[in-house]
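Once you have looked at the hints, place chain W on chain H.
So the protein lines, in turn, are chains H and W. Residue numbering for the first sequence follows my numbering, beginning at 1 and increasing consecutively. Residue numbering for the second sequence follows my numbering, beginning at 1001 and increasing consecutively.
Think of the hints as simulated: they come from the structure by calculation, not from any bench. Computed from a prediction, not measured in an experiment: that's the story for all the values here. Some clues are possibly wrong.
Said to hold, decoys possible - Now the stretches of chain W that chain H is said to cover, found in silico as 3 or more residues with beta-carbon under 8 Å: (1) 1162 to 1174; (2) 1266 to 1274.
Unchecked claim - Taking lysine-lysine and the DSSO-like style, the derived pairs with C-alpha atoms no more than 27 Å apart in a straight line are: (3) K110(H) x K50(H); (4) K50(H) x K129(H); (5) K50(H) x K235(H); (6) K162(H) x K1162(W); (7) K1235(W) x K1050(W); (8) K162(H) x K1046(W); (9) K1162(W) x K46(H); (10) K1046(W) x K1162(W); (11) K1235(W) x K1162(W).
Glycine is no exception: its CB is placed at the ideal position from the N, C-alpha and C atoms.
Protein chains: 2
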Amino acid sequence: MSLQNDLLLRALAGEQTERPPVWLMRQAGRILPEYRAIRSRLSGFKELVKTPELACEVTIQPVDLLGVDAAILFSDILVVPEAMGLPYELIEKVGPPRFPETIGSASDMKRLHAVDPEEHLGYVLEAMKMTRSALDGRVPLIGFAGAPWTIFCYMVEGGGSKEWSRARRMLRSEPALAEDLLDRITEATIAYLNAQVEAGAQALQLFDSWAGALDADLFERYTMPRLKRICDEVKGAPLIVFAKGAGWQMDRLATLSCQGLGVDWHMPVSEARMRAPHHVLQGNLDPSVLYGTEAEVRAATQRMLSDFGRGMHVANLGHGVYPDINPDRVRAFIDEVKQNAHSEGVN
Amino acid sequence: MSLQNDLLLRALAGEQTERPPVWLMRQAGRILPEYRAIRSRLSGFKELVKTPELACEVTIQPVDLLGVDAAILFSDILVVPEAMGLPYELIEKVGPPRFPETIGSASDMKRLHAVDPEEHLGYVLEAMKMTRSALDGRVPLIGFAGAPWTIFCYMVEGGGSKEWSRARRMLRSEPALAEDLLDRITEATIAYLNAQVEAGAQALQLFDSWAGALDADLFERYTMPRLKRICDEVKGAPLIVFAKGAGWQMDRLATLSCQGLGVDWHMPVSEARMRAPHHVLQGNLDPSVLYGTEAEVRAATQRMLSDFGRGMHVANLGHGVYPDINPDRVRAFIDEVKQNAHSEGVN
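Chain H on its own, in the form it takes in the complex (with noise of 0.2 Å):
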């Protein structure tokens, strides 16, 4: 069936789109009441994740409730690494996801396996053809994965960091251990996101989180490489590689066959532009700036889109909206972006 909406598609492929398309990161639930009435039926966060009814049902409600141009299928990048062979742990209102076994040395790597999709992602593809036929055309399904660098953070440092230190002491201290670890995440991801692909994706995110904790030098030993790779060998639907906090980077970033570069709120969108000159930009809005009033949303969104200026330009936030967010200031944002018509275009 063909796309009733497919703004985010045009301007992914660089067409002169009559408005930018706009969506969120972890706009798939977190702040929508309609979100914290399933999750409050499960036992937990992996419960969602792995059983594809719900998954798909929570995907569908932002495209539903608050009016996004795409949906991006709810899930998390820690499933590639679990399905390499290193189970996450969520436990609901204790904290941040944990590794019980991480990767410390080569004996360490023994844990681990090469990823077959269908046998242990089964359930996120199985999820992606539900949401696919559910949406029923309606807006494109977008689907992601963690980069490398940022998954090897997580099998490495066991849960969430500051500094990634120790991250980087494995690429400092054993380099070969860590350009090995850094393969198999490779490899495992593209698989994953080709295998999205077939089961529907029509759009892809890469996001590499923890990227800003890297110097210029383990950027383009470690990263570059293979983010490279992975534009170069997923095939079929565009893709947008987000490097938060590398913004420093983005000349580098410009040069990776992707279709979309994400831009947090650090940079100057001026900045952005003229390192990556021939990529469609995605952002940036400062994610707080919607716990503001509703006026001062939509003058903030009004700058940012004036800052991107027109075309080439895909409308978000510069990070994921945070769970306490007002839904209201999230649909203003997005309300703000749909009036902003270009004036020879249609709405």
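Showing chain W alone in chain H's frame:
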């Protein structure tokens, strides 16, 4: 008495020095077995901070054992919110510091009072006097404080955070309360830094560790006016402002009347220099470089020195040294800087 090694003070005065001075953030102890020997006899970190004789001893250790060109008083940025009325807890080996009580509303502000440095922070001033005397002019003594936004983060959130979204929420949703709290921190900080100079500090550093969480608007509205006030009202010693992660604001920071600006390892040195042509720049080796081999440490140090070029540079890491770094690698870093005598100068 006159200083035997006044490299840091001459460099901060803008003089061309025979080589860059070198010191490290968190150098006071942490990596040294001699420091751990003292710590193991104590109930915890706070006992060390609050006992002037011990703070003095660990402050001087890196001068003797590592050969740095400056001593930085062993203390913590959280002594200021504690002096204002919010005590912090630091439970050994359990986790990062926590504030059992935080500021979430106007009524919470009743917990706070103005800071009289002699009355509320006398133990720091006592340690400063003792250390200045014990150093006996070998190297300059650096005092420090957290910047208002960074202290605000801890007072609002109660502990560490990745994105400080609750602190940013207060800026967006309760601007008057946020301004009031930031102003009170600013006033306490000015009084505290001036008292440190009176007690013997010969240079000062202001740590804005979480400046990178703010977008340009929030940085301009909430941070810049307070940094400016501190730079203008603290007298008697050169000041280095280190706004970590805020490299995109370097052109704004360059309008401050401080002598030095810290540079983290994320932004290229050339970009920092372009944005702040008239300030002494301090930094910026990625601390994780010190996890590598001695040859790698020396090579990376050489590249950094060459990036900064001649003069207007204080050699340092781009952030604090990690506790599990081998002290020999720290010595290699320091030694490499010291060997970098400018041809016409004296090493």
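- Enumerate the violated hints, using their earlier numbering and listing them in ascending order. Hint 11 alone not satisfied by this model.
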